[in-house]
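Enquirer: Sequence:
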Amino acid sequence: MSPILETVSEFATEPPVLYRDEAVREIRDELLSCDAVLVWVNPLDISGDRSQLDPMLREVAGCGVVVSAHPDVIAKIGVKEVLYTTRSMEWGSDVDRYVDAEGLRARFPEHLAAGPRVLKPNYGNGGRGNVANLRLGRRSPDRAGIQAAISNSFATKLA
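For the record, in the sequence shown the residue sitting at position 159 is 159 according to UniProt numbering, with numbers rising by one throughout.
In short, the hints are calculated from the structure, not lab data.
The beta carbon of each residue, even a glycine, is placed where N, CA and C say it ideally should be.
Check the hints yourself; a few may be wrong.
Derived CB-CB ranges, DEER-like [to be verified]:
(1) V99 to S51: 17 to 27 Å
(2) P16 to D49: 40 to 50 Å
(3) E110 to K76: 42 to 52 Å
(4) S33 to I4: 20 to 30 Å
(5) P16 to S51: 15 to 25 Å
(6) P55 to S33: 12 to 22 Å
(7) R25 to G103: 34 to 44 Å
(8) S2 to R105: 36 to 46 Å
(9) E26 to Y98: 33 to 43 Å
Taking the hints into account, I'd like the entire structure generated from these sequences.
Expert: This is the structure we're talking about:
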């Protein structure tokens with residue numbers, strides 16, 4: 001990140017604009033005076049949604065301001081979704097995606113048999129929102145252990 005910050009610091013920059021829905025028009029006007037905007041939204045912030053922010057960013061981008069990350073890009077790649085989409089590429093890994101409970105029930109036991117697994121939400125960062133670190137029992141392979149991702153303590157055993 002340091003090379004990016006060093007390069008950005010060479011340009012004239014303005015202080016951050018803190019977005020809030022009630023000021024969407026004023027913020028839009030401020031962003032329209034910029035050449036480029038770097039947008040970051042905490043995916044775990046439950047205080048609102050992107051229903052006003054994203055259309056405003058699309059409008060600003062449509063007026064020639066470079067918007068990164070553009071909301072259409074975020075929607076296309078998902079967040080963790082990109083790990084699944086690119087799993088067969090050089091940097092890919094053993095990733096699966098469960099979009100519903102049926103898929104989880106059908107495919108997860110086989111993946112768990114291959115080794116420990118961490119269930120993560122599509123949106124989240126820093127390990128927050130991870131459901132669990134799961135592994136099959138050593139003595140009893142028909143049982144699985146579950147460990148809360150935010151804790152080091154072994155929580156419970158699942159049948």
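Enquirer: State for each hint whether it applies.
Expert: The hints, checked one at a time:
no. : hint                    : in the structure
1   : V99 to S51: 17 to 27 Å  : 22 Å, holds
2   : P16 to D49: 40 to 50 Å  : 21 Å, violated
3   : E110 to K76: 42 to 52 Å : 29 Å, violated
4   : S33 to I4: 20 to 30 Å   : 23 Å, holds
5   : P16 to S51: 15 to 25 Å  : 22 Å, holds
6   : P55 to S33: 12 to 22 Å  : 19 Å, holds
7   : R25 to G103: 34 to 44 Å : 42 Å, holds
8   : S2 to R105: 36 to 46 Å  : 45 Å, holds
9   : E26 to Y98: 33 to 43 Å  : 41 Å, holds
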